[in-house]
Amino acid sequence: MEHLYEMLSRVDGYIYPNEIELHWGILIVLYPYITGLVAGAFILASLERVFKVKVLKPTYQLALLTALAFLIVAILPLVSHLGKPFRAYEIMTTPQSHSAMAIFGFVYLWYLMVVLLLEIWFDYRRDLVLWSEEKKGFWRRVYKILTLGVFDVSPKTVAWDEKLGYIVTVIGIPSAFLLHGYVGFIFGSVKANPWWSTVLMPVIFLFSAMVSGIALVMFLYMVVSWIRKVEIDMPCLDEVGKYLFYVLVFDFTLEALDQVHRIYEAEESFEILHMLVNGKLNITLFVLQGLLGTIIPLLTLGFFRIYKPKEKIRKTAYFIISLLILMGIFFMRWNVVIGGQLFSKSFLGFTSFKLGLIGGEGFLMAIFWMLLPFCILAFLLWLLPPWKKQEVS
Amino acid sequence: MGAKRINKSRRRFLKKSVVAGGTILATSGLKPFSVLIFAAKEPEDTLNPWYGIGIDIEKCIGCGMCAKSCKLENDVPQEPFYFRSWVEQYTIKNDGTIKVESPNGGIDGFSQSVPDNEIFKTFFVPKMCNQCAKSPCTQVCPVGATYESPEGIALVDEEYCIGCRYCIQACPYGCRYLHPEKKTVDKCTLCYHRITKGLKPACMETCPTGARIYGDLNDKDGELSLFLKKHNCQILKPHLNTGSKLYYNELSAEVR
Ligand code: SF4
Ligand code: SF4
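So the protein lines, in turn, are chains C and S.
Start counting the first sequence at 1; every next residue gets the next number (full-length UniProt numbering).
Start counting the second sequence at 1; every next residue gets the next number (full-length UniProt numbering).
No lab work stands behind these hints: they were computed from the structure.
Built from N, CA and C at the ideal position, the CB exists for glycine as well.
It cannot be assumed that every hint is accurate.
[Unchecked claim] Simulated coverage check for chain C against chain S, where a stretch passes if three residues somewhere in it have a Cβ under 8 angstroms from a Cβ of chain S:
1. 188-200
2. 354-361
[Unchecked claim] Partner residues aside, some chain C positions facing chain S, computed with beta carbon under 8 angstroms:
3. HIS3
4. LEU4
5. TYR14
6. PRO17
7. GLU19
8. ILE20
9. GLU21
10. HIS23
11. LEU82
12. ARG87
13. GLU90
14. ALA102
15. SER346
16. PHE347
17. LEU348
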């Protein structure tokens with residue numbers, strides 16, 4: 001309770017008496033962030049598979065496994081944030097069809113079970129069989145189990161794997177769109193909150209998801225190559241950079257459009273949002289999300305479209321840009337989730353948000369949830385190393 | 001010639017019936033879909049009560065008895081951050097600026113901090129759940145823990161609520177809070193446990209001036225209907241179309 005009394009001293013203007021506590025904290029910021037990384041990474045992977053952008057091959061499996069690692073974690077911060085986490089299953093057993101959040105559970109499961117796991121399985125099945133033959137003891141058994149009992153590696157069956165995997169990816173693209181578009185809808189459909197309530201929200205979330213997912217794979221590809229001490233495939237990296245640029249242009253346009261629209265319409269809530277943007281969100285919105293996370297990467301990537309400096313410079317630039325973008329999109333989520341709760345629904349005042357260091361909703365917890373997918377990814381890369389896959393002759 | 005005309009009118013008739021049939025089909029086809037989108041219920045049976053609330057702002061003296069009795073009656077935490085019902089003091093200054101205050105929800109009464117000669121007008125606005133007929137809170141609850149009773153009262157099932165707080169975000173009026181001990185959401189029930197026994201809600205029982213009334217909107221001769229007939233009443237945030245059933249008379253445009 002103490003912290004609430006302390007908050008009381010940091011309230012400006014008038015807020016409703018129940019509004020002193022911010023209900024969705026950093027864990028809820030992580031949830032759309034991580035989900036976005038999943039959708040983005042998957043869409044990058046499907047560029048290679050469905051749209052036959054062959055130069056992207058070196059990142060294909062990496063992108064898929066990244067999507068899986070982050071998807072496994074995506075829902076955990078959400079569950080741990082609930083007042084009654086042990087009742088979380090109720091979302092699946094007694095869902096309300098008219099609740100955006102309830103439907104998300106199904107979209108999530110569909111995506112995890114039907115799309116991602118299946119695609120990875122079809123892609124790796126042949127290798128799993130081969131690996132199970134190479135290994136001994138425990139790991140041999142693990143790989144055997146992972147084949148789900150299908151040991152046939154005749155060219156015909158492998159061709160089928162390929163075909164089915166392709167179909168799953170084709171289904172996967174709209175599913176990835178749905179997954180993140182839906183997260184945007186959870187916020188966009190809250191009519192009580194003018195900062196959230198916009199039809200563009202699902203689309204903005206989708207494009208920012210693609211931006212962050214592509215940046216993540218770019219970053220991981222460079223790091224993994226460095227750890228494995230192999231040369232980075234520059235044409236591939238340049239191609240990823242190209243797509244990143246295009247998607248970033250779209251994302252920036254959409255967000256700018258949304259803001260211009262707000263300013264032009266200047267509805268009842270305009271004044272308070274104006275104060276919010278220029279006050280409490282000043283740094284996170286203009287500096288971290290806007291300048292560092294969007295404008296600088298946009299200009300650099302755009303510049304690379306016209307003029308290509310030396311490889312070494314490009315590499316360093318891509319590395320820095322991917323990190324900047326990852327940070328920028330994190331703050332985009334932050335500005336949406338936290339920003340949307342800083343002003344009162346009375347439109348007459350503000351509360352503030354203070355991130356604690358420890359505790360279930362604190363900074364350290366957030367770091368934990370953020371590091372976990374990287375650990376899972378490391379394990380997945382060890383279990384299913386893309387570089388040990390054998391080309392089908 | 002005649003045959004042609006008949007043909008024409010028949011064609012027109014056919015066209016019309018196709019259009020009519022199509023519309024009926026389309027709307028009936030959309031009906032189950034609307035269930036997906038709205039949680040709203042209408043009073044199905046006009047014989048059942050359909051509760052609403054009326055607040056006579058002119059009568060409210062800002063004593064805070066309603067807010068206090070609500071906390072006592074409903075086990076609302078005594079700290080100042082949890083309310084099912086509270087009172088706001090609005091002061092419109094001569095320069096047009098608005099000052100709103102609700103220290104501890106108005107439970108301990110109010111003091112006026114603006115000097116008299118600067119005040120254009122001042123009044124109290126008691127607030128509570130609007131018992132919305134198209135309640136955004138019910139719409140968003142993922143597990144159906146927030147629901148509408150047959151009498152049109154929005155309630156929370158403590159045994160079901162998972163504490164996701166989506167409903168708190170969705171309520172435009174700030175009427176919900178997370179109970180710090182129960183870790184589930186709580187809100188005004190219009191003292192459901194009392195009104196179903198024929199008693200008045202606690203806040204109405206204690207209001208010394210009778211500024212608050214509740215009643216059955218289906219009962220056209222009831223107290224609430226008479227109040228609505230006699231006064232020009234308004235609801236809060238009408239543009240949000242929440243179907244609010246909390247009616248204020250003499251509500252100033254400044255109130256949100
Ligand atoms: S006032 Fe808020 S809590 Fe009450 S019914 Fe309306 S939306 Fe729900
Ligand atoms: S907090 Fe409880 S009542 Fe509110 S939406 Fe979540 S589950 Fe429903």
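So, going through the hints one by one against the coordinates:
no.	hint	in the structure
1	188-200	holds (count 5)
2	354-361	violated (count 0)
3	HIS3	violated, 10 angstroms
4	LEU4	holds, 5 angstroms
5	TYR14	holds, 4 angstroms
6	PRO17	holds, 5 angstroms
7	GLU19	holds, 5 angstroms
8	ILE20	holds, 5 angstroms
9	GLU21	holds, 6 angstroms
10	HIS23	holds, 4 angstroms
11	LEU82	holds, 5 angstroms
12	ARG87	holds, 4 angstroms
13	GLU90	holds, 4 angstroms
14	ALA102	holds, 4 angstroms
15	SER346	holds, 5 angstroms
16	PHE347	holds, 6 angstroms
17	LEU348	holds, 6 angstroms
Violated hints, listed in ascending order, are 2 and 3; each of the other numbered hints is respected by the structure.
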